[in-house]
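Asker: I would like the entire structure built from these sequences, with the hints used as guidance.
If you're matching positions, the sequence shown starts at 516 in the numbering used here and goes up one per residue.
Treat the hints as calculated values from the structure; they're not laboratory data. Worth double-checking, as some hints may not be accurate.
Now the in silico label distances, taken between C-beta atoms and shown as ranges [said to hold, decoys possible]:
1. Lys785 <-> Val683: 31 to 39 Å
2. Ser684 <-> Gly603: 18 to 26 Å
3. Ile845 <-> Ser691: 33 to 41 Å
4. Gln881 <-> Glu590: 25 to 33 Å
5. Arg652 <-> Ile799: 34 to 42 Å
6. Pro795 <-> Phe849: 33 to 41 Å
7. Gly674 <-> Asp598: 22 to 30 Å
8. Lys710 <-> Thr809: 36 to 44 Å
For every residue, glycine included, the Cβ atom is placed at its ideal position computed from N, Cα and C.
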Amino acid sequence: MSLTVRLLLVCLLLPVWAYAVPCADWPMWRDFEQRFIQADGRVMADESEQHYSTSEGQAYALFFSLVANDKNAFERILGWTRDNLAGGDLSACLPAWQWGKRADGTWGVADQNSASDADTWLAYTLLEAGRLWHEPRYTAQGNLLLANIRLHLVRNFSGLGMMLIPAVSGFDLAESGARFNPSYYPVQLFRVFAKTDSNARWDEIIENSFALIKAAAPHGYVPDWQGYVPGTGFMPDLKSGDAGTHDAIRVYLWWGMLDRHDPMAMRLKKVLYGMNQWIPRYEITPPLSVEARTGQVSGVSPPGFSAALLPYFATMDNKRALHLQSERMIAYQFDGLIGQDPRYYDQVLTLFGQGWLAHYFSFSSQGQLVVQWNSSCSAKK
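Answerer: Structure below.
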């Protein structure tokens, strides 16, 4: 049975909100935009007194606005990111990862360090926006940002090869080693980068990121962080240990959305089997934390974890687990968002997971973004 047929059968299990109509509005995107994005394009990713915004939040929102064919929101989000996180020029410097209320009471950049997961999503979205909207300005900005990523965030490690590091500084280990985050390597994005910028050796980075995930997941579960030291190899992270929680959940999400014809799809499937075996055999909802080295699980996850696993279970053809997570999303839906007290991260994971499953977007075998709108769908101004 083909993947298309299987997904059609899977969709029979889904509630009404999980279906999409070509060129139709994306209701959850509208609700997310209204609740979390200010008029100037700033994404409110934090509920604390500091009201932090992050480059991650800006990058994800930019991606969703492209999926929604919302040029107005795209320009606002991009403008705020450029002016407040990159000093007005994304071609000159990588965006700071955190902005908000600082210790002295002023507002601005709270941590100048970059975050490579956000940087790669920003570059990818700009490149795809240029292609889909036929806008050379976005393509040029994406190319310049990608060149900065290659210059500052791609490093050659002895015994391993080229890897994307998490940030410009702060993640080095002894003997020229480093800490890595497995969720910072969505293969789809890097496929596009490999076609765009061959100088960075993105295909090699894809291969090495697979080696990272395979070494980190002996029981089919991925940790949030993993260390690497030349001469020793991969090892548990010295700061966070083997726990896989809020970061690691994205690894299953990125794989679930990966095109089945990508050469890495089947290889990763053989490594990322833990959640598929756990649910629903032992539990009906994802655990909050998994110890990657032992497979021990603990805690009850927020609803966003279930949303992140929708593509994963669909691609694994685990219909029972998919149905249970879909039911959980219904139970947690309030006023168009997930959770009676909506949290930013839950909404982001839901926009990815539910949006992909409902065919608002997908990724081609070359990593390109596939959207449901086309030239017959008028872009919002």
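Asker: Evaluate each hint against the coordinates.
Answerer: Verification of the hints:
no.: 1; hint: Lys785 <-> Val683: 31 to 39 Å; result: 34 Å, holds
no.: 2; hint: Ser684 <-> Gly603: 18 to 26 Å; result: 22 Å, holds
no.: 3; hint: Ile845 <-> Ser691: 33 to 41 Å; result: 50 Å, violated
no.: 4; hint: Gln881 <-> Glu590: 25 to 33 Å; result: 27 Å, holds
no.: 5; hint: Arg652 <-> Ile799: 34 to 42 Å; result: 48 Å, violated
no.: 6; hint: Pro795 <-> Phe849: 33 to 41 Å; result: 25 Å, violated
no.: 7; hint: Gly674 <-> Asp598: 22 to 30 Å; result: 41 Å, violated
no.: 8; hint: Lys710 <-> Thr809: 36 to 44 Å; result: 40 Å, holds
Hint violations for this structure: numbers 3, 5, 6, 7, all remaining hints satisfied.
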